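Residues -18 to -1, 1 to 409 (mature numbering (1 follows the signal peptide of the UniProt record, and there is no 0)) make up the sequence shown, in order.
Please note that a few of the clues may not be correct.
[Claimed, not checked] Beta-carbon label-pair distances, calculated as ranges:
#	residue 1	residue 2	range
1	Glu24	Gln44	29 to 37 Å
2	Gly28	Lys199	21 to 29 Å
3	Lys381	Tyr318	40 to 48 Å
4	Pro177	Ala19	34 to 42 Å
5	Asn290	Asn140	51 to 59 Å
6	Asp378	Gly248	18 to 26 Å
7	Ile171	Gly248	18 to 26 Å
8	Arg128	Asn37	32 to 40 Å
9	Asp87	Glu385	49 to 57 Å
10	Lys199	Lys239	26 to 34 Å
11	Gln88	Arg389	25 to 33 Å
12	Asp378	Val108	28 to 36 Å
Since the hints were made in silico from the structure, they are not lab data.
The structure presented is a predicted model; accordingly, all values stated were derived computationally and were not measured.
Using N, Cα and C, we set each Cβ at its ideal position, and we do this for glycine too.
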Amino acid sequence: MKFSILTGALLMAGYATAVPMVSPSSFSEGTVAPLYAPMETEAVRGSYIIVLKNNLSEEQVQSHAEWISSMSAARAFNSGDYLEEQGINHVYEMPNFKGYSGRFDQHTLDAIRQSEEVAYVEEDSVVYASELQRGAPWGLSRISRREPTTLRNFSKYNYDAKAAGKDIKVYVIDTGINIKHVDLEGRAIWGKTIPKDDEDVDGNGHGSHCSGTIAGKKYGVAKKAIPVAVKVLASNGSGSMSDVVKGVDWATSEYLKDKKLAEKEGKTFKGSVANMSLGGGKSPSLDATVNGAVEAGLIFAVAAGNDNKDACNYSPARAEKAITVGASTIFDERAYFSNYGKCVDVFAPGLNIESIWNTNEHATNTISGTSMASPHVAGLAAYLLSLAPEGTTAADIKKQILELSTRNVFKDLPSGTPNLLIYNGFE
């Protein structure tokens, strides 16, 4: 969609007194798009995610966005509010997910919901990193063997060192990455900072920790992969759902650009991976974005959540095309905090995981959570992708991860929860 969020400002002069009530070509009396409110997390009041129907043409999408932008600008001008507090903030333009988000008053929201071009509206909500507590390292050893971890094999990680995720980008949609950390060996890239006026640094540590588990020389599963920072959460580890959706949108766009460029230059391109160790309540827009990203070819690992509840009540854990990861312990138990249920695909180490941190180039930290489990799977996906032939799909890698997993490791899992612990297949 070739649309600038500045369009509304440029059009404002033409609507200083006259505010368009509805788009004549798209308004249908009696048609009201559903409005979804967050249930398991707090709302960002006045901010909304608008999901458009998939069958719209690019021209229809652009026309709709310009209509809303001009309406918001005019209403902000007439009310005396600052312009930047009203109107479109993000535009989403994935192949299977189109829409936008922003701040809209009740009048504009009503007009949006009455547009035939709108599939549904979701009230924006707060998203949190899924970290928990502190401890000691052991996860790499566990995912590289069938048998339980013992004192003899505690520190031994078996893997194919030649491949090891070489040249595979892993988009870490999180708090950012300490790209100067020595364990990342200069491979990490700062991709995009989504929150407005935020800095290109990891002020929290959560995203850096995930990146170390994915691709660190010492701490990583895929030791030659390329972590790409997609910052969607602030230094306090929280952010808005609309920023997270935009982060997925950006990562998917970059993946598709890389794929297209490789095809043009006749180079090998095996694919890319994304990790999202965060979560909130049910979000149809985030689920749709993640599923759309996977359909486009991007492999996605997501955290199941840390509430010891059914993962099907959380997003993106409930996104069916992603690989949803629960947390396990060194004793091959489900971690006491890990969410469970049929929406979980697999378990990975998530209690007392040591990895890199954000405070300096050598810093480490040991923390727990399904946030620490998901990067093990993202790293494994990058590792397997680097070993796979060109043309391997996201669905192929998910299937391979599930088929390789060690079965019936856990006792007393809640009903419907898959009894699978990831394994890298190295013999």
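Hints versus structure:
{"no.": "1", "hint": "Glu24 with Gln44: 29 to 37 Å", "result": "33 Å, holds"}
{"no.": "2", "hint": "Gly28 with Lys199: 21 to 29 Å", "result": "45 Å, violated"}
{"no.": "3", "hint": "Lys381 with Tyr318: 40 to 48 Å", "result": "30 Å, violated"}
{"no.": "4", "hint": "Pro177 with Ala19: 34 to 42 Å", "result": "22 Å, violated"}
{"no.": "5", "hint": "Asn290 with Asn140: 51 to 59 Å", "result": "32 Å, violated"}
{"no.": "6", "hint": "Asp378 with Gly248: 18 to 26 Å", "result": "23 Å, holds"}
{"no.": "7", "hint": "Ile171 with Gly248: 18 to 26 Å", "result": "24 Å, holds"}
{"no.": "8", "hint": "Arg128 with Asn37: 32 to 40 Å", "result": "48 Å, violated"}
{"no.": "9", "hint": "Asp87 with Glu385: 49 to 57 Å", "result": "51 Å, holds"}
{"no.": "10", "hint": "Lys199 with Lys239: 26 to 34 Å", "result": "28 Å, holds"}
{"no.": "11", "hint": "Gln88 with Arg389: 25 to 33 Å", "result": "53 Å, violated"}
{"no.": "12", "hint": "Asp378 with Val108: 28 to 36 Å", "result": "35 Å, holds"}
Hint violations for this structure: numbers 2, 3, 4, 5, 8 and 11, all remaining hints satisfied.
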